[in-house]
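Protein chains in written order, with my numbering: chain H, 4 to 176; chain L, 132 to 215.
If you are wondering where the hints come from, they were derived from the structure by calculation, not from laboratory data.
Each hint should be verified, as a subset may be incorrect.
[What the hints assert, rightly or not] Each computed BS3-like pair below joins lysine-lysine, with the alpha-carbon atoms no more than 30 Å apart:
no., chain 1, residue 1, chain 2, residue 2
1, L, LYS187, H, LYS147
2, H, LYS38, H, LYS85
3, L, LYS155, H, LYS147
4, L, LYS187, L, LYS155
[Stated by the list, open to error] A short, non-exhaustive set of chain L residues, derived as facing chain H with CB atoms under 7 Å:
no., residue
5, ALA166
6, HIS177
7, GLU194
Yeah, the Cβ is synthetic: ideal placement off N, Cα and C, and Gly gets one too.
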Amino acid sequence: MAGDALWYEAAMVVGITNALNVVADALGPLMTPVKRGGGPPEAVAIYDDILAFYGAPGEVPLPFGLAAQDPGYLGDLWAAVKRAFSDNQLGRRLKTSLAFAVSLTTRSAFGTAFHLGEMRRLGVGAGGIMEVVGVVQMFSSYTKIADTLQLEPDMGDIAPVDRSPAPGGPPPA
Amino acid sequence: MPTVRLRDPEEYPEPARRAFELAKQWFAHDFRQPAAMSRVMAWDPHFGGPHGRAMKRAMAPGEFSRGEKEMVAAVVSGVNACGY
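Work out the full structure, taking the sequences as your base and the hints as a guide.
Below you can see the structure in the form of structure tokens.
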């Protein structure tokens, strides 16, 4: 997993996953999501794209239904989510597994269930799911031991520095 | 600043020092000193031993590669806001 591009992608998955989860977990019980055809017409095409991406008929995942009161906002939110989870240097299967790990770690009921379902849909077996659960569980232990003892980082410099420019940027001088 | 004094490797018994060598192989990195977490876990081998074995089992290649699992571990550490 060398090179910064992979880690930029992973960070974006973590961020947007948390963004979806906080709204779904907190507002899901309090607000009614907009159903397909029940909201602004501009939202219909976005809904269709969301449903196609997740390969599921019916209603879009909760956070998108909640955002659909403002189709402009929904469109941008969805574009970011779709970009973050699409195959790129990291594959969608791993990105979804990262999202599951984030959701489980942050105790997001929505995210844990949603991304677990997505992992299964994308072909991750029971063994693979247990592998991710094991990593989440063990590193949820290590992190708290480290925090309790206020350990200082001592492994931050073992990876080589990536000197490549930002995408589209000039090569290093 | 750690809330405990991390012992130097030579303050540990021989089995722990062997474990520090194995940790170098695990990380494929020649640490000047054993990593702080390695030294913490070596304090109580009856905890650190099984904990370390569970970690290695969880991190072993399976449906996901070791590298992919390191990335999962990194995001778990990140969302736990763990600076270590």
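To see whether the hints hold, each was checked on the structure:
Restraint check for LYS187(L) and LYS147(H): satisfied, since their Cα atoms lie roughly 18 Å apart, inside the 30 Å limit. Among the hinted pairs, LYS38(H) with LYS85(H) is consistent with the structure: their alpha-carbon atoms are about 20 Å apart, no more than 30 Å. Distance hint between LYS155(L) and LYS147(H) is fulfilled; the C-alpha atoms sit about 23 Å from each other, no more than 30 Å. For the hint linking LYS187(L) to LYS155(L), the alpha-carbon distance of about 14 Å falls within 30 Å, and the restraint holds.
This hint holds: ALA166(L) has a C-beta 5 Å from the nearest C-beta of chain H, less than the 7 Å allowed. A distance limit of 7 Å between C-beta atoms decides the matter here; for HIS177(L) the minimum to chain H is near 15 Å, and the interface restraint is violated. Nearest Cβ of chain H to the Cβ of GLU194(L): about 3 Å, under the 7 Å cut. The hint holds.
Hint 6 alone, counting from the list given before, is not met by this structure.
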